[in-house]
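Residue numbers (our numbering), protein chains in the order written: chain S, 214 to 327; chain P, 152 to 259.
FYI, nobody ran anything at the bench for these hints, they're computed from the structure. It should be emphasised that the depicted structure is a prediction, and the values quoted were computed from it without experimental measurement. Ideal Cβ placement from N, Cα and C applies to all residues, glycine included. Some hints could be false.
Each computed DSS-like pair below joins lysine-lysine, with the alpha-carbon atoms no more than 27 angstroms apart [claimed, not checked]:
no.	chain 1	residue 1	chain 2	residue 2
1	S	279	S	254
2	P	258	S	254
3	P	219	S	254
4	S	268	S	254
Chain S stretches covered by chain P per the calculated footprint, using a threshold of three residues with CB under 8 angstroms from any CB of chain P [said to hold, decoys possible]:
no.	stretch
5	255-268
6	286-298
7	312-321
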Amino acid sequence: GAVVSQHPSRVICKSGTSVKIECRSLDFQATTMFWYRQFPKQSLMLMATSNEGSKATYEQGVEKDKFLINHASLTLSTLTVTSAHPEDSSFYICSARTARDIQYFGAGTRLSVL
Amino acid sequence: KNEVEQSPQNLTAQEGEFITINCSYSVGISALHWLQQHPGGGIVSLFMLSSGKKKHGRLIATINIQEKHSSLHITASHPRDSAVYICAALNNNNDMRFGAGTRLTVKP
Numbered sequence: 214g215a216v217v218s219q220h221p222s223r224v225i226c227k228s229g230t231s232v233k234i235e236c237r238s239l240d241f242q243a244t245t246m247f248w249y250r251q252f253p254k255q256s257l258m259l260m261a262t263s264n265e266g267s268k269a270t271y272e273q274g275v276e277k278d279k280f281l282i283n284h285a286s287l288t289l290s291t292l293t294v295t296s297a298h299p300e301d302s303s304f305y306i307c308s309a310r311t312a313r314d315i316q317y318f319g320a321g322t323r324l325s326v327l
Numbered sequence: 152k153n154e155v156e157q158s159p160q161n162l163t164a165q166e167g168e169f170i171t172i173n174c175s176y177s178v179g180i181s182a183l184h185w186l187q188q189h190p191g192g193g194i195v196s197l198f199m200l201s202s203g204k205k206k207h208g209r210l211i212a213t214i215n216i217q218e219k220h221s222s223l224h225i226t227a228s229h230p231r232d233s234a235v236y237i238c239a240a241l242n243n244n245n246d247m248r249f250g251a252g253t254r255l256t257v258k259p
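Let the hints inform the model, and build the full structure from the sequences given.
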């Protein structure tokens, strides 16, 4: 079946550095990709929606300059957390939707900022 | 009120027990997902449903569109089933709405 690959699964970085998370749809073209954030013991919260070749649409309260999203192709979207700080430590999940509106989830990336 | 409500929030079971997790939604949907989140955080898509029932191994998911309700059942539960199970509904605006999750602990 269709798979969404998210990489890395875990990253630890120093405060002030930037971290890039990749999300790939492995055997289908994703018309839309989504990025979610999950705080401990809470449900997933949508951060932004991206369509290939266009700017991402960010949810209210999400800083677009902080969380850069690039949807370079129909199979790849990246989320870059710029100048990461400890409060950015969280679990980030990507999801990709097919042209038939079937949505698949990546396994997630745990970011820890020291 | 959340568009997607799950119950129970926490569930502890003995190995071998039959488990049911419920999900109710208040809006029109085109599809409903059940996700499993392992203690380390990793997410696995278990089912996507738009009607009826699906089965995969010891897992069964059902959905009743008229009653706006879905259930996830686990037969012959095992400690490795311990995880958070999340219900997610794709509403008619194509927005995904997530339940708060059910934390399942299966004791040996």
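How the hints compare with the structure:
no.: 1; hint: S:279 x S:254; verdict: holds, 24 angstroms
no.: 2; hint: P:258 x S:254; verdict: holds, 21 angstroms
no.: 3; hint: P:219 x S:254; verdict: holds, 25 angstroms
no.: 4; hint: S:268 x S:254; verdict: violated, 31 angstroms
no.: 5; hint: 255-268; verdict: holds (count 4)
no.: 6; hint: 286-298; verdict: violated (count 0)
no.: 7; hint: 312-321; verdict: holds (count 8)
The structure fails hints 4 and 6 (numbered hints given earlier, in ascending order).
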